[in-house]
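Chemist: Sequence:
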Amino acid sequence: MNPPSPGLRLQLARAGGIAGWAGLIVLQPVWHLWLVPDPHASLAAILLLSLLPLLLPLLALRRPARALLWAGIASLLYFSHGIAEAWSTPAERIPALIEVALSLLLIFSLGAGIGRRDRS
1 MNPPSPGLRL QLARAGGIAG WAGLIVLQPV WHLWLVPDPH ASLAAILLLS
51 LLPLLLPLLA LRRPARALLW AGIASLLYFS HGIAEAWSTP AERIPALIEV
101 ALSLLLIFSL GAGIGRRDRS
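At position 64 of the sequence shown the residue is numbered 64 (the working numbering), and the sequence of numbers has no breaks.
Heads up, some of the hints might be wrong.
Unchecked claim - Pair ranges (Cβ atoms, derived):
no. : residue 1 : residue 2 : range
1   : Leu61     : Ser5      : 38 to 44 Å
2   : Pro90     : Leu49     : 20 to 26 Å
3   : Trp34     : Pro64     : 27 to 33 Å
4   : Leu58     : Gly111    : 19 to 25 Å
5   : Leu33     : Leu104    : 43 to 49 Å
6   : His81     : Pro6      : 29 to 35 Å
7   : Ser88     : Ala112    : 49 to 55 Å
8   : Gln11     : Ser88     : 34 to 40 Å
9   : Ala22     : Thr89     : 22 to 28 Å
10  : Gln11     : Leu97     : 24 to 30 Å
Please keep in mind that the hints were generated in silico from the structure rather than gathered at the bench.
Since we're looking at a predicted model, the values are computed, not measured.
Positions of the beta carbon are idealized from the N, C-alpha and C atoms, including for glycine.
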């Protein structure tokens, strides 16, 4: 079986990155408004803090590779948050692990989209 062409690999990686990024954007309001709402916190503040880092890369959307790089850097924050929540709060373990999985999808997609040079 032949490996995928570099163009196809880049398209698949970009699609995976966008899926991870979009999944994180959708997960935040679902998690904080529906699955495990915090009655003691301001929902506006929670949504602002949880969505702003994910929405900032939209400013670079004219250059998708740059926007995905920014989203990938931001996803490191969500990866850390997901690990901490999964470890410390059993009631939030499922959404936290989904957050970790989406962050990893985005990060690994960025890595898969990097072309390798021939060193012959």
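Chemist: Taking the beta carbons of Ser88 and Ala112, is their distance inside 49 to 55 Å?
Modeler: 31 Å, violated
Chemist: May I ask you to test the hint 24 to 30 Å on the CB atoms belonging to Gln11 and Leu97?
Modeler: 28 Å, holds
Chemist: Cβ-Cβ distance between Pro90 and Leu49: within 20 to 26 Å?
Modeler: 23 Å, holds
Chemist: Leu33 and Leu104, beta-carbon distance inside 43 to 49 Å?
Modeler: 24 Å, violated
Chemist: Lying within 29 to 35 Å: is that true of the beta-carbon distance His81 to Pro6?
Modeler: 34 Å, holds
Chemist: Cβ-Cβ distance between Leu61 and Ser5: within 38 to 44 Å?
Modeler: The hint (38 to 44 Å, Cβ to Cβ) is violated, given that Leu61 and Ser5 are roughly 26 Å apart.
Chemist: Leu58 and Gly111, beta-carbon distance inside 19 to 25 Å?
Modeler: 22 Å, holds
Chemist: Do the Cβ positions of Ala22 and Thr89 conform to the proposed distance bound of 22 to 28 Å?
Modeler: About 25 Å separates the Cβ atoms of Ala22 and Thr89, which means 22 to 28 Å holds.
Chemist: For the pair Gln11 and Ser88, does the Cβ-Cβ distance stay inside 34 to 40 Å?
Modeler: 38 Å, holds
Chemist: If I claimed the Cβ atoms of Trp34 and Pro64 lie 27 to 33 Å apart, would that claim hold in this structure?
Modeler: 30 Å, holds
Checked against the numbered hints above, the structure violates hints 1, 5 and 7; every other hint is satisfied.
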